[in-house]
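Colleague: As a plain string of letters, each chain reads:
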Amino acid sequence: MADQKDPVSESNEAWPDRFIQLAENARDPRLKAFYQAGCVAPETPLADAPLVALDFETTGLNPEEHSIVSIGLVPFSIGGIQLGEGRHWVVRPQLPLHQTSITIHGITHTDIDKAPDLNEVLEEILEAMTGRIAVVHYRSIERPFFDVAMKWRLNEGFSFPVIDTMAIEAHLYPNRQPTRWQKLKGMKSVSIRLADSRTRYGLPHYPPHNALIDAIATAELLQAQVHHHFSLDTAVKDLWL
Amino acid sequence: MQAELIDIRNHLAQHAPFDEMAEEMLDKVVSSIEISYFRAGTPILEFGQRNTWLFYVRSGAVEIYRRSGELYSRMSEGEIFGQFGLLIHKTVRFPAKAIEDCLIYRIPDTVFQYLWENDENFADFADTEGRSRLRSAVSRREKSNVLMTSKVTRLISRKPVSAPCTVRLQEAARIMTDQGVSALLLMDEEGDRPKLKGIITDRDLRTRAVTEALPSETPISEIMSDDPITTRARSFIFEAMLTMLHNNIHHLPVMDNDEVRGVIALSDIVKYESQSSLYLVSNIYHQQDIRGLKKISRDVRDSFVRLVNEDANSHMIGSAMAGIGRSFTQRLLELGEEKLGPPPVPYCFMALGSMARDEQLVVTDQDNAMILDDSFNPPEHDAYFLALAKFVSDGLDACGYTYCTGDIMATNEKWRQPLKVWKSYFIDWIDNPKAEALLNSNIFFDLDGIYGRTEFAEELKTLVAERASNSQRFLAMLARNALNRTPPLGFFRTFVMEEDGKQNNTFNLKRRGTAPLSDLIRVHALACGSRAQNSFNRLKAIAETKLIPDDGVGNLRDALEFISIVRIRHQALAIEAGREPDNNVRPEDLSPFERSHLKDAFQVVSNAQKFLKFRYHGQVGRHG
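Line by line, the protein sequences give chains R and G.
The first sequence begins at 0 in numbering that gives the first Met the number 0 and counts up by one.
The second sequence begins at 0 in numbering that gives the first Met the number 0 and counts up by one.
Simulated from the structure, these hints should not be mistaken for lab results.
Please read these numbers as outputs of a predicted model, since none were measured by experiment.
Glycine included, every Cβ here is placed at the ideal spot set by N, Cα and C.
Keep in mind that the hints are not guaranteed to be accurate.
As the list claims (entries may be wrong) - Selected chain G positions facing chain R (in silico; Cβ < 10 Å):
(1) Ile32
(2) Ala39
(3) Tyr278
(4) Val304
(5) Phe425
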């Protein structure tokens, strides 16, 4: 996938220009409005950056085969996460819901049957994301799934910058898999999964697999990462992908 | 609130003051939260800074400081801070720093003010100085016990039955039989209005008239109790109960100024408290030997636990337990005199320490002494009194009142002396105070005559009340000793926090709580010349002299009540669980309610100690 680049070394200042381009090309008025609102300036210090933590629960890991089941998001800044602004939607997947996803996400067939299609809530979601940089844990889910879902429904893709808290952890622990020799000496691999990463920063345990709670958990993780490894003056372009 | 935030709401709902909050209100709180992360070592609030948030520790730990930089408190998961400034000028008064990586939920001032106005429990909890919430914690408990909320007048079922004090024995007995009463009031009818002069009871008729086969024409004034102990119509039932316990009487005239409103009997109160400690007291007097006393001494702990479970206050429990201890002592003295014969010279048996203060609990040793008549001649008389003292002391030990490790018992020759020697002891302690010596003699400044010529003890109380208030050196020395034991700062997770930031696993609630309080109350009481022994009564006396400001007295009362009750409950729980009760408390044994109010109470003690230090500082500096 195109998204598999080293996050932090790659400085990406092209997003504002891309937004202008994308706004011109977009056919769906909702997408067009999203792009037209513009992208956060690349030099913006983290302290001032408007952010939105985003989390999707999906029926699997492959955007071409699997579907989005629920979406959680919460607008925030490094200074504070506004719980009251948090939103959560259950959406009807295009593809059949597997039994395994039911057990993982706790979303039942009944929930799904009553749920709207993503297209019906798209305006609300985009509104919440407008003018903000999306923050996700593991960038190969939200952006590609969103992109495929838009292609499927609107015949055009969807693209936006993300800050990936998992990529930051991966960058901090480049040698997280111990060598055979280190394994013999009892060294364990470092997990960069959301819950494990949070533990390293003293963040509390949250019950997993609820899109809104995971979005909040991701937002908190980024706050912790910034306080530990970056500075409030770090430019957003140094982190976004 | 989004339903998905339920886990965040549940976390709040596990911690005071959110634990008693209505759901809609809690939803409002959750929706208003802003989450912030603070790395270990970074400041969260700085002095003088503007602040418009209440802070809730979701994870990690925070230290709160005084303006001077002194540690004020250490907070962990589920605790709130920052309310100090929100209530006053929105300016930070107590700086805060993250001492571990912290996730903090911030609640905006608008919501804080809304809760403050609309949720009484929240307002009590968040109250800046924690004093009014201590008061409401104390009164909430007291409100639930009927004996403490009902007035004695409620027990009066009929008009008082009385007769002129000039009647004869037979006439008095006839009136009592006709009227079906167990006590008859005897009135002095010389003046414009009849005045209560004495009382005679069934028991008096049996023990004084019948056993001595008095002629029926005996004037009643010869056998009645003169100037009977009474209670005021405004008193609560529990106060009447304390009076009965303290004086071992079963009938109590209720007075409205000079007029008798009625008589309440022990049986009236027993109806309210079926398994009464008063019942145990009367049972003590029916025992014929140490074996019998030892057997019923097993009921003392049950009686204690029952009082605790009935939400009695500490004054009531302390007095009931002291009343029981006093009754054991009195009965042992009666039995001793039966065995050894009548005393060769008059004497007074004196209780010291917690029994004298009416603040006894179940874990207690015996502290007692004897004041002998000044005609006491050791070679001739002392063998008798030593034998009597030993009989009582051994009997008390058998009944669970263990020997005093400091040897403050009448069996010690030093504490078995004639009145004039006792007076010289007190004069020496007061006029030539030495810190070390006073530490050991502290206990003698809580004294109460409980048997025999109790007026000897009253003479000593008078001497102390008059002399102590005039000796600044003595008071200063006593004040310095009262500062030896300090309360902890508070709690942090499962630890007890000390002022220097050290953490311990356990602490002694007597040594670090009630004892420092009764010590400092004693100093003030002696300074204002009070004869009271009980700490609550001493506080009343202090309040009357305005020696310390009114709210200061109220705070001390609340602190003493709360710490005592936690200590009492701790012991009752141990008894119920079949463990030996003690004074050592682990923070994890305390409920969140107890933890937070204990911290407030410790703060009151600490402030009162500072006040005491300030007040006597000069004298301590010069002479100490």
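Colleague: Holds or violated: Ile32(G) as interface residue toward chain R, Cβ cutoff 10 Å?
Modeller: holds (4 Å)
Colleague: Tell me if Phe425(G) is really an interface residue toward chain R, meaning its C-beta lies closer than 10 Å to one of theirs.
Modeller: The hint is violated - Phe425(G) has no Cβ within 10 Å of chain R, the shortest such distance being about 61 Å.
Colleague: Checking hints one by one. Is Tyr278(G) an interface residue toward chain R, by the C-beta closer than 10 Å rule?
Modeller: violated (54 Å)
Colleague: The hint names Val304(G) as touching chain R; please verify it with the least Cβ-Cβ distance against 10 Å.
Modeller: Violated. Min distance 40 Å.
Colleague: Please check whether Ala39(G) passes as an interface residue: C-beta within 10 Å of a C-beta belonging to chain R.
Modeller: OK, holds: Ala39(G) within 10 Å of chain R, min 8 Å.
In the structure shown, a violation is registered for the earlier hints numbered 3, 4 and 5, in ascending order.
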